[in-house]
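Peer 1: If you read the sequences in order, they're chains A and B.
So in my numbering, the last one in the first sequence is 112, and the numbering has no gaps at all.
So in my numbering, the last one in the second sequence is 1362, and the numbering has no gaps at all.
These are computed hints drawn from the structure, not numbers from a lab.
Just so you know, these numbers come straight off a predicted model, no measurement behind them.
One thing to keep in mind: the hints can contain errors.
Straight-line alpha carbon distances no greater than 25 angstroms define the calculated SDA-like cross-link-like pairs of lysine to any residue that follow [claimed, not checked]:
| hint | chain 1 | residue 1 | chain 2 | residue 2 |
| --- | --- | --- | --- | --- |
| 1 | B | 1240 | B | 1262 |
| 2 | B | 1323 | B | 1243 |
| 3 | A | 111 | B | 1247 |
| 4 | B | 1046 | A | 106 |
| 5 | B | 1255 | B | 1326 |
| 6 | A | 108 | B | 1249 |
A short list of chain B residues far from chain A (calculated; beta carbon distances all over 10 angstroms) [as the list claims (entries may be wrong)]:
| hint | residue |
| --- | --- |
| 7 | 1043 |
| 8 | 1177 |
| 9 | 1348 |
What follows is a list of derived Cβ distance ranges for each label pair [unchecked claim]:
| hint | chain 1 | residue 1 | chain 2 | residue 2 | range |
| --- | --- | --- | --- | --- | --- |
| 10 | B | 1241 | A | 71 | 48 to 54 angstroms |
| 11 | B | 1186 | A | 67 | 38 to 44 angstroms |
| 12 | B | 1183 | A | 12 | 56 to 62 angstroms |
| 13 | A | 106 | B | 996 | 25 to 31 angstroms |
| 14 | B | 1334 | A | 99 | 34 to 40 angstroms |
We put the CB at the ideal spot given by N, CA and C, even for glycine.
Listed here are the chains, written in short residue letters.
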Amino acid sequence: MNNILTQIGIENYIFLSVTLFCIGIFGVLYRRNAIIVFMSIEIMLNAVNLLFVAFSTYHQDAQGQVFVFFSMAVAAAEVAVGLAILVSIFRNIGSISIDNLKNLKG
Amino acid sequence: MTTLIAIIGLGVLCLIFEIFDFRKAIIPITIIGLLAILGLTVSEFNSPASYYNNMLIVNRFSVSFSSLFIVLTLFLVALSHNFYENHQSKLSDYVAIKIFLLSGAVAMVTFGNLAMFFLGIEVLSISLYVLAASSRMNIKSNEAGMKYFLMGSFASGIILFGICLIYGAMGSFDIVEISEMSQSAELPIWFPIGIVLVTIGMLFKIAAVPFHFWAPDVYEGSPTLTTALMSTLAKVVAIATLYKLLTALHADVNYSFQIVVVVISIASMTVGNIMALRQTNVKRMLAFSGISHAGFMLMTLLSLSTSAGSLLYYTTAYSLAGIAAFSVIIYVCKNRDNEDIVNFHGLGKTNPLLAAILTASLLSMAGIPIFAGFFAKLVLFSQTIQAGYLVVVIFAVINSIISVGYYFKLILAMYTKEPNEERKGKPFLIYAVALIAIVLNIVLGMFPSLVLDLLA
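If we strip away everything but chain B, and leave its shape as in the complex, we get:
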């Protein structure tokens, strides 16, 4: 609970700095503040509690995911320094919106009441609509914002309808009460329909097939930093919340639900990977890669009671690799009007360090050993086999092999093509973020138990 209050305080502080013309201090102070909040959150790890009539329930699951979100926001705020160089007068707004978005994310994994869940998801989504359309003069960014807004509010409407039907069946919004009552035999038909509607709405936010069609357009049109935020933070938040919600509602006992998860997971992986093969725009390619990763993450829903640790590990590995990759993309595509692979030609010669970082993060996403991505997939696959879904694992392995194809397209472009022009300047924060993210990824790859045992 203190985490949530502290985050909102930090967001307000950012806005106040703008009033007193303290603009230079915004990013350093936000980073220090987020580090302090991270410490505060981690200190709650061993003291589960609930606040405000069970509105917020703090437990190990919520604390570890909140910490992950805070770390990701930390990286994103650090990247904003360079990214918004030409928009100094709006810096405080951009940073403050990111902090408020974090508060929505934390509310979403800490919720103990469906009202809190709905408010969290709306705070997160509304901030994202603003960020997606934040490049005002750019028609692509406007279009991305509009598409994301229409799809997002459509999904919110469906989620709200689902919550309403669950309330109608149970007469309560409290997740613990609903969880107890859902064990009883006689429930109105509204209850399963409500679960289905909420799940559909959340799948929209995760961008899983067949609810993925907005993702490539929105990822391509948004400013690159917002794309980084959507593909790492927003996706991880949505999948973690869906996991928590479905665990509380005991959705996994239903056989038809398992079939649906299997189908959606296989479809997401396959469609995402096959569409990614023919993309030339890097942001679009990573959007489809994100769709396929959503398919992998959905596999955890097949063994709901035991897979919290592997979900945390997979999401951490994926989002750290994503942050590293996007910080390189932000550097390379700065002041360019598109993000085509052509821009990456010869990066291995002109800037070996960043090229190595991008290679490492793509290899982690593809699942090559020593990077965390490999062990994440390994743990996930062995868990899914134990749960008895061999078919999904076979498809997942085939898809991992396909995904190597398009990741290597980018890697080859960096190392075998001739460089087209020099890039000036070595922005310290971008280098620092990319390096720290990839080093964390490798450390987690060498010591997977650091994260896996947290939620065992």
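So here's chain A without its partners, still in its complex pose:
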């Protein structure tokens, strides 16, 4: 495993993660469908998880992999709450497009 990491180089893992993270960010900023926005947030979090595992191997240290479990559990809880909010929005206005959420401004 370590052999592969030295062949590929940690920098490339970082580039991959940053690319995925930015894809997630642009998804959050530009997509109008709430479900796709949630998926983009998941891409952001999972890009970080990938980098955690890469760094964990790089440092020969298990802490990073343990942290991934924490962040996966947290991400699941977070999305569960988000979906619950989305369900109550759908019940009220019958749509899941975040363009419809424009009642609060001033």
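Once you have looked at the hints, place chain B on chain A.
Peer 2: Just chain B now, with coordinates in the frame of chain A:
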């Protein structure tokens, strides 16, 4: 550590009471339990220790901020009795979520490991998403919850990325080890990038300019009690954690970091105050006022090694005034569909005591003497001048003067306009909370050394 376990025990207890149909006892027992936990926390003040392989580090900083959070939660739980009168069947959920939120807050200031920090911030945020959207049938509350969720999880993603880069640079999550290693000369470039990302994520939570745009909408749409929680507890937790984190990472030695703090602090104060001038909704106005106060609190980051005491004093003064103001708003705007200033017309005639309390808390936020807000600003300004940032202090003074403008708009509406309708009922707990909070504020204003010397 015992604090954290006791808080979680209390939260579970709330849920168990619901099962055994003990609903009436929930709020009294939670209040008594929180008072007991407060005693437990204060007793740890002089015995610093670390638990579970440095996962939690209890020291004076963490104990004094935890005590502040427990006191704030105490007030918020007391207010829930009246606020959730029409939702008795969900009372235990609302109270339990507030208690779990407190556990996240305590974990955030007690952390000794970045894993604990991340878990704390997530427990706090997820509870807040639920509370923001807790008025299910109200589309405004749904919208506020959704906006807060999107912004919050976006910020969490950025914080997580920052933690990951710090781990990549250091090979450890332990804050003490990271702190020691960050002194050495050769660090990968990932380390400063990680600090920047974590700082950006925390600034989102604090609602400092330019990461403030979610705050007014979310504050306006959420149920008033949740707004009170966000503008007092959540803001104080985030700034205290950012302070602790940056102290541990030795971020202040970097010149460009200081410039960034100066710019963000000035921008937060100015934008917050100028936007607040044109608001007619009181919750929205207090949201912008909170943004400007975030700017003041960020000034403490300029003298990281010495300003823990003044940060504690400023946050205490601000949050006590906020609790007093919001308890009056909860009373006035109950059963109204908005929180416009019109609702406050003539409060000075119909309800002189509450009008006086609201006036006092707004004066404290504006920084008028005898209230704690004045001495908080005084200490903060003199400390920042000593650290050599005269420009920030000049802007801060100008902003304090601007802020008087919109606070007095509300005060004038209470005393000079004619009352529109009578409000029935004198809920005891709201009066008690408002009175205790403002009296504590005045006491701290007369004896600032009570708090300032705690972290000297």
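Peer 1: Hint by hint, say whether it matches the structure.
Peer 2: Going through the hints against the structure:
{"no.": "1", "hint": "B:1240 to B:1262", "verdict": "19 angstroms, holds"}
{"no.": "2", "hint": "B:1323 to B:1243", "verdict": "21 angstroms, holds"}
{"no.": "3", "hint": "A:111 to B:1247", "verdict": "16 angstroms, holds"}
{"no.": "4", "hint": "B:1046 to A:106", "verdict": "11 angstroms, holds"}
{"no.": "5", "hint": "B:1255 to B:1326", "verdict": "11 angstroms, holds"}
{"no.": "6", "hint": "A:108 to B:1249", "verdict": "24 angstroms, holds"}
{"no.": "7", "hint": "1043", "verdict": "7 angstroms, violated"}
{"no.": "8", "hint": "1177", "verdict": "15 angstroms, holds"}
{"no.": "9", "hint": "1348", "verdict": "33 angstroms, holds"}
{"no.": "10", "hint": "B:1241 to A:71: 48 to 54 angstroms", "verdict": "53 angstroms, holds"}
{"no.": "11", "hint": "B:1186 to A:67: 38 to 44 angstroms", "verdict": "56 angstroms, violated"}
{"no.": "12", "hint": "B:1183 to A:12: 56 to 62 angstroms", "verdict": "60 angstroms, holds"}
{"no.": "13", "hint": "A:106 to B:996: 25 to 31 angstroms", "verdict": "26 angstroms, holds"}
{"no.": "14", "hint": "B:1334 to A:99: 34 to 40 angstroms", "verdict": "39 angstroms, holds"}
Hint check: violations occur at hints 7, 11; the rest are consistent with the structure.
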